[in-house]
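Take each chain as given, in its own frame, and dock them per the hints.
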Amino acid sequence: MDDNLKIVGKRVVRSDSYAKVTGSALYTADLKLPGMLVAKVLRSPYPHAKIISIDVSGALKVPGVKAAVSGFDAYGVKWGVFRYTQDHAMLPTDKVRYIGEDVAAVAAVDEETALEGLSRIKVEYEPLDAVFDPVESMKDGAPQIHNEYKNNINIHVHIDVGEVDKAMAKAYLVREDTFKAAGEAYAMMEPYAVVASYANGYLDLWMPNAGPHVRAKALSNLLKIPLNRVRVRHINSGGAFGGRSEVAPGDLVASLLTIKSGRPVKLVLSREENATSSRQVHDIVATVKTGMKKDGTIVAKDYKVIYDGGAYSSTGPIATSIPFYVYEECYRFPNVRYNGYRVFTNKGIRGMYGCHGRAFLAGNEAQMDMMAKELGLDPVDVRLKNGLTAGEMTATKSKITSCGLKDTIIEASEKTNFKKRWKKKEKNRGIGMGCVAIMCGFPMGFRSGSSCYVKINDDGQVTLVTGLVDNGQGNESMVIQVASEVLGVPMEDINLVNADTEVTNLDPGAYSQAAAYVGANAVKAACENVRKRLISIASEKLGVPESDIDLKDRIAYSIKQPDKRMPISWIAREAFFRGEPIVATGSFFPDIDFEREWVTRPWGQMAGTFSFGTSVAEVEVDYETGKIIVPRFTAAHDCGRPINPMAVEGQMEGSIQQAGIATITEGNMWYRGFLLNPDLLEYKVPLACDMPEIDTIIVSSHDPKGPFGAKEGGLTVRMNAYSAIACAFTNATGILFEELPLTPDKVLNLLEKNKGVK
Amino acid sequence: MRGFEYYKPKTVKEAIELMVSLENAKFIAGGTDIMVLIRQKKISPQSVVSLRNIPELAEIDTKDGLRIGSCVTHNDIDKNEYIKKYYSALTDATSQLGSRQIRNVATIGGNICNAAPSADTACPLLVLDAKAVIIGQDSSREVDLDEFFLGPGKTVLSRGEILKEFIMPRFNENTGSSYIKHTRREAMDLPILGVATRITISITSGNEVRCRDMFCTIDSISNILERLKDEGLRCEDVRIAMGVVAPRPIRAKKAEAALKGKIVTPELFEEIGEIAASEAQPRDSVRGEAWYRREMIKVLVKRSLAKSMDRVIRPDEAIYPERLW
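These protein sequence lines are chains B and R, in that order.
Counting in our numbering, the final residue of the first sequence is number 758, and the numbers go up one at a time with none missing.
Counting in our numbering, the final residue of the second sequence is number 1083, and the numbers go up one at a time with none missing.
Since the hints were made in silico from the structure, they are not lab data.
Here the structure is a predicted model, which is why all the values come from computation and not from measurement.
Just to be clear, a hint being listed does not mean it is correct.
[As the list claims (entries may be wrong)] Calculated lysine-lysine pairs in the DSBU-like style (CA-CA distance at most 35 Å, straight line):
id, chain 1, residue 1, chain 2, residue 2
1, R, Lys1020, B, Lys425
2, R, Lys843, B, Lys627
3, B, Lys627, R, Lys1020
4, R, Lys987, B, Lys122
5, B, Lys424, R, Lys987
6, R, Lys800, B, Lys746
7, R, Lys800, B, Lys61
8, R, Lys843, B, Lys427
Chain R extracted, bound-state conformation (with noise of 0.2 Å):
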């Protein structure tokens, strides 16, 4: 591995006059992935550029909607009550990613602005409607996170530019998201898929959903919803972004655009995974092959929205069995 100049600026202006006056920089937040590509020789970077010593990027807001400094850690969002409860399936992401140590040190802006296909927090944000804040030498912008992503490692920022923080708005009451990592290990795994979905829904029957307790089992998914089917459940908004099945994470809007304003059945569940499915290009590689990748889409999809659902019907309550997903 080769040797690099390091820097700690105290604020994002100094952090930005750097990177503008040094050759071959790069912007370092945890290391847990521009360290790996340096020892890998992907990147070989004269200095370095830490942000970690920024105070206003360390910063979580919830006081209106949720802002999260892009120098937050997973491990801070993970102990964040708050986000766990209205915003879950960021929480589903984080606490998932890579290994407490890793958690510790890892940010939620390097995970975005490394935009790798298999970001575990970009779905989430991407279902949250997040909208990514950056700042320049003079000036400041805020970009959709779906427009974020231009392909593999390479994003809208432009040299000199910092990711201050995501924005997210605060949702209707009925509404709840989760994030599903398909992987192979329990943990210090990359997804062979990530679906995250998030779900506003409202009781067209009028009452209050009769049995709570069906997600408590251990059925497939098809059974669980053909119970449902009764309750009247309409789908009033619905967003679905899928991982690993891209260049980049996606959404999958003709899927969101199927189910939005319908009322939940297995059929149409089976037909929205069906839809998302053919929005993705995914390939094949070590950590799966597209066929499969594809197959799980349709699995996945489903089993997400049931577990947002899951979350609005039983607020209180993990779906069960949450091994199996």
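With the rest of the complex left out, here is chain B (with noise of 0.2 Å):
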């Protein structure tokens, strides 16, 4: 049926479309229960710090106030994603080690009140010499900030991959550079909130995320509640970026404090404390050694990588490897080493970002450039040389299935007219181009698959029933389509109830690009289940074989004699009459080697497919005030078969943004653990007046296990965007960044440092 596709693939309106423009859709703020409090927290001033004492006591003599609370009133379970990551306990009772740390917190009648009982807390401290570069973190005799692990340094993920040091012996030319680049602010346009409600035993929470199983396992563990006393609910979420992917200190704070005083409670976070206090992004220094061949073909890579870290371990393991495995899920890599640590300082929580590794990713790329121009090859040649296809595995052994790499960049490159562009530049011109593939899932253990339940109420409208979540990328939407595709009924007769963890399944959630592989797949086959008994019992009372029998637009029909025919909704009914109702299920799970770690094991099949892309940017260097310009921006991306292909486009037009127009503009500041920019004044997100010309194309490749050919809607220009850039700007100047953000002032120190080089 693949190939007579009557919705899926078309261009259709989202199904969240309507309420989200007309603002009737409700987020997490909006909330209003019955009694309900507000809460606040109070945050640590100091950067590192012994906490001697926390006395609560005032804060509840204040009228109004319904609770109080600090970490002495958690059960001293420490939160990690991993077995040997248990290092965050959300609210600390030992020592504080960043700014903005929750410490105590407060539930009261108003907010404040709530601000009056935070003034009445009383907290000693001892403060402690603190670390905030993760270069002099590393080194002896710095700041201990965990006991648990010397010298700081909190992952340590080594691949060693063939003979790389024989490798770059013999290669025709090596090059080594080192990169930085800034950590990013997810600023997501809903700054974290929650509400949490307790009765009776059982724990109902509100918030935006994109995995409401890992939230609730996770508060499970953190109240010592069962796991289906911990309803985490479905809300719209405000956006996501990676940064909603954990729980998060608030989701404690808030139950803790709905338990204490037996009132629901809602906790919104200002624009400052969701920057300061929710989650940030590693700042990263990425030392990039490649050896070539005289013809372009890299033989040996050695890479040393460095995570700031921040306080505590997050998604640690995870964060250390991913900008190492897309490139190399992008290109052939013989010999390879890679050393990446993830190290501690006193700054703010770190998770997973949509854009995670830009100072590694651009670095290769920009370095490919240099290189290429050395050896007078052109950057396009050079990648399509070493870009991998399908059928190869890569470094570490994952196979790729379906490959569009070199589709997106010949696509790329000629709607651009980039080799002739690239070889003859206009002053104060340049091209570049960044080559990414992403994983369309990570290995998350059991979670790594997806299930769907389906029924098919009597009136012939369907409710699907799914742990897949939405963050606002469409993956509710996706999932109708797609039902509706194999159902035969209309995107609007399905009601789609999801990611609530009482009554969905496990899923992966929406923060490894798996919703669309696996979620859908997951979709896919409890409809097909469905398809079944409907064509079965359409069969039967239509008296011609099920082999000829399709559903469309809300019927079942003969295919030969398309006048017998009958609406789903009488077979629905009949079915009901039988005792039978047309139920069904259905799951996914990828083909994942489930031996493969993060650190201990880091090799084996990463995920059930990949996805790739090409970025092409054009700028302009304006070289008296260093600023740069992005007139143009091209992005190819294969994402199998697009489902919605307006969906994907609009994720890709966004990735420009987030991560393209942000190589010039987005970087966190710091100043000894305060960040400097904490709200949308000084922290520059792109704005729709800063945007180039955008170009988008879609290269399908088909994948033969993802849902009707799909992978995944549009990360890998999230992850090349600014690989584009700085290649643009070193084909502009010459020179290769030295770091990110390329603002003016470090655009103008980098034109002077290199003046007279062309």
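Written out as structure tokens, the structure is:
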């Protein structure tokens, strides 16, 4: 049926669009429950200090304050994604490790009372020496942030494939450069908010989150409540970008407060708190050494990458690995060594980011162009020569099943006349290209798969129940579209119940690009099981063989004799009469090597499939002010088959903003543990008026196992747009970037330092 | 955020009387600065007196020079074709301040009374020789804008005084002005640096400027000026003002003096940039480091002067490329 699709592959209006554009969609901060209290959090003023005592009794004396808690009211459990990373108490009792860390909290009848309560909490600290730079933090004698981790090294990922030193010695051209990048802010439209309500031993929570099941599990551990009594419910999410995959300190704070007070509690972070105390992105220093043959073939890569991990482990092992993997999934590295260090510092908690790893990835790509130039080669040819193809294995033994990398490189370069413009560049102008691959789903143990339950109601309308999550990228609409295709009913007939831990099964969540490949596949499988039941009854009733029946526009009909037909609702009712209602489940579990482990065994099949993409940026550099302007940006993305091309294009455009233009504007700024730009005035998220002309090219590679051939909808652009900008800058100026973002002052410095280079 | 009493007087007199009688009160016009300060707990007034319902504060009068009421919004100025043509620097500033939503409510008086070194309208008003008309309980006075600012957030206004309007003279025909706001984003940003200039030129060679199109290039400013050299353009009068380079918006008076009466050459512009930079005391901030600001003064003073000259030479055209400048 793939070649004759009615809805999949069409540019449909997303199921959530109407509510969102009219403002009727509700978010966590909109929720109002009877008797609900307002929570406020007292935060650490020190980057590193021993907690001598916390006394919340003063707060409780303020009329209207209904509960006050600190870490001493919690259960002494520390959270970590992995057994070896359990170091985050969320409300510390031993010491504070960053400015803005949650220390105590109150719930009161209104905000003013809550703030009054906060001011009465007494905390006694003993300030400790702090360390803010990961390189300093690794040195002997640096302040120890956690006792368990020597030299503050949280994670060391070591990968060594082939014979790097030998290959490097034999290489025709070797180059080593170091690149830095400031961590970005997620800057979601919706600052973090949570509503928690505890009654009769059951805890209900609403918050923007990318994985309700992981969230519930963490809270179940932290609160010592059985999993089926911690219910994380569905609510619209105003963006995640990787920053809402893990349990947040606010989740624990709100839970403790509702348990103490017996009343629902709402906590809404301010924009500044969202920046300092929800999650941040890793600052990175990447040293990239590459050996090339004379013909541009990469023979060896040797990497040392340092990630500023902030105060706690978070998704440490994953964050320390992903930039490397998305690159080795793109290019052929016969010999490669990767040493990734995630190092603790006295800065805020850090997590994965949709654009994670820009120093590493942009550094690799820009360096490749410098080497190509030196060898008299062209960036397009070098990328084509080294790019992986379907059927090949990556250096760490993942098989590439479908691969449109070559097509994305060719289409993006032809559309932009890349080769000619790169070689004969105009004054002040440059063009650059970045490539990357993305795994569709990380290995997450038994959470790597998804399942779906479907029922046909007595009016023929459909209910889908799945753990799938939508953070705004359109996953909900996507699975409705898939179900609509399989069941032959319009999208508006389908009600989706999702992302609620008590009624849905495990799902990988929306933070590892698994929603399309895994989540939609489970929905498709369930709907196909329902379709079989529908067709079986229709065949019996219409007196035609099952193979002759198709479903379309709410009707089951004979393909050969189209006047033999009956509404799907009649079939549903017939099934109810028979005492066998039409319900079915379906699951999908990707083909992943579960022996694979991020630190101890970094090889084996990483994901069921991989997407590929190429971005091309054009820049103009103002040599007098250092300002970079991006007049045009072209992105080609191999998403398998696009389920909704309009949604894929939207993701690509957003990625060009968040990874591409952000290369010039975005970066957190620090002074000794103080985040200097926690607001959206000084943290420069690019605006609509800063955006270039955009050209999006969807390359359809049709994945053999993806739902209708789909893989994922646009993340490659999020991880190669900065590379394109960095390469274009190099093409314009002849200079490699040293540090991102490429703000005007940095550009002017680089130009000054490299005067005479052309 | 703490609550406060809110008053809506209908006349200037009523507003002044309220302000004198109330404890810990603040005037509010558009509120785009005051509300931010209250949220940041930098101020916590018990009462707030709104000036938005006083019609006489919201007038623009172009009969003799220019009079702009203090509660005229940035968007009102933006839409005014007369201001755009004869007081272009001001439109340059109002069109780039904040966002459309902010420009719809933020007032020029508020921008000036907030007295931020980064106030966008301050530099244009300085180069346009604006005088501030101040009304007190039983007196009124006119103050040169250059005398108005005392420091960051500080002005000559005393309690019970209201900034009523700005008055600007009509300028000689061969006058152009401009404001360049140097930012990292195209909107919703405060300047790293702001430079405004006003220049009156005469053509000493007696002819029309031969090559009007020489501004239509993406060439560097020194190349453009190189070609203008033979035209014999003389600077008859000039004002240069700079924002975010000192505790308050300032005039670069030494640079002005060095340019006035001279024939425009690339070398002279280079020198003017250097002099202007020497008159500034920029500091490091999140938005930009001192060294960068100092470098940018040199560039932007030249660019703003060129843009102002361009507006004399080609009065109906916008300088190209707008995006770079």
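Each hint tested on the structure:
1. R/Lys1020 x B/Lys425: violated (39 Å)
2. R/Lys843 x B/Lys627: holds (28 Å)
3. B/Lys627 x R/Lys1020: holds (31 Å)
4. R/Lys987 x B/Lys122: violated (71 Å)
5. B/Lys424 x R/Lys987: holds (32 Å)
6. R/Lys800 x B/Lys746: This hinted pair holds, its Cα atoms lying about 32 Å apart.
7. R/Lys800 x B/Lys61: Measuring from Cα to Cα gives roughly 28 Å; hence the hint holds.
8. R/Lys843 x B/Lys427: Distance of about 34 Å is within 35 Å: holds.
Comparing the model with each earlier hint shows violations of hints 1, 4; every other hint is respected.
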